[in-house]
Amino acid sequence: MERIAIAQIGDCLLVTIQVDMHDRLALTLREDLGQRLVQTQATGVLLDISGLDTLDTFIARVLAGIASMSKLLGAETVIIGMRPAVAMTLVELGLTLDGVNTALDVERGMALLRRKNA
Amino acid sequence: MPLETVSVDTERDVSRVRRAITAYADNLSFDLLARTHLVTAASELARNMLAYAGGGSVRIAKLRHEARVGLKATFEDQGPGIENLDEALSDGFSSSLGLGLGLGGARRLVDDFELETAVGEGTTVSIASWHEPDRHPPGGP
Ligand SMILES: Nc1ncnc2c1ncn2[C@@H]1O[C@H](COP(=O)(O)OP(=O)(O)OP(=O)(O)O)[C@@H](O)[C@H]1O
Ligand SMILES: [Mg+2]
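Top line first, the protein sequences correspond to chains A and B. Take the first sequence: its position 70, counted from the start at 1, is 70 in my numbering, and no numbers get skipped. Counting the second sequence from 1 gives a position; my numbering is that position plus 1000.
Hints were generated in silico from the structure; no laboratory data involved. Be a bit skeptical, because a hint or two may be false.
[To be verified] Quick look at which bits of chain B chain A covers, simulated, 3 or more residues with Cβ under 8 Å:
#1 1012-1022
#2 1038-1045
#3 1091-1099
#4 1103-1109
Note that the structure is predicted; figures quoted are calculated from it, not measured. Cβ coordinates follow ideal geometry from the N, Cα and C atoms, glycine included.
Using the sequences plus the hints, can you model the full thing?
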């Protein structure tokens, strides 16, 4: 089955989404990530969406759901690399993704996690 | 000019619709923001068709008006129709567990938006966006 890879960097899990993420793939990612968080006791999740060229209400809801789930499992989530056109579209849709941390790139995301978890 | 018809029966077809519209928008040299807006609106409408009408079809067509070219997508289903259109179009109304942003959001994201619905017969939503190719030369600033 097709899945999105989850890499571990120190205390963080890094997920790079490169494809047009169809719904099943997004839901599988949420499940896989939950398991990996429990296994690794990671304290941070970096979701790199720089490869994603559209984000509709469903996928946005899954990403927000991943962030809430991770929080319950002891990890902060940072969404990385949202494209400007995607961000503008989300605003137009009325989706503000409140409560989700964002950063421009992986490095800044890591720095944000270190501050949050300090 | 008709380009393609995509039938939407499963969740995979929703991403097929996104990919098709992305490709045609690139082909017509839409700028990135216009493309993202149109594809996102299409994604919402294809999803609605699947969720509330069990599926339908999407006709994609190229439009031309003087110097402008447009990309149009028509979402047609034979589902239950929408009883209260004002309510359905307003942000925050959802008959399911949704956020109720899809329909109103889609309308805001495109240049043209038309919706016809009849209870018990189905719903047809058309969206289109336009641009003037000469104003946005490919590879230009
Ligand atoms: N093709 C359709 N056939 C029948 N009813 C529809 C159709 N499209 C939308 N609706 C109705 O309009 C309502 C509003 O749609 P909209 O897309 O704005 O919100 P949603 O799908 O409920 O949530 P979201 O899109 O934010 O996940 C839906 O809850 C549904 O009742
Ligand atoms: Mg919807």
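Tested hints:
no.	hint	result
1	1012-1022	holds (count 6)
2	1038-1045	holds (count 4)
3	1091-1099	holds (count 3)
4	1103-1109	holds (count 4)
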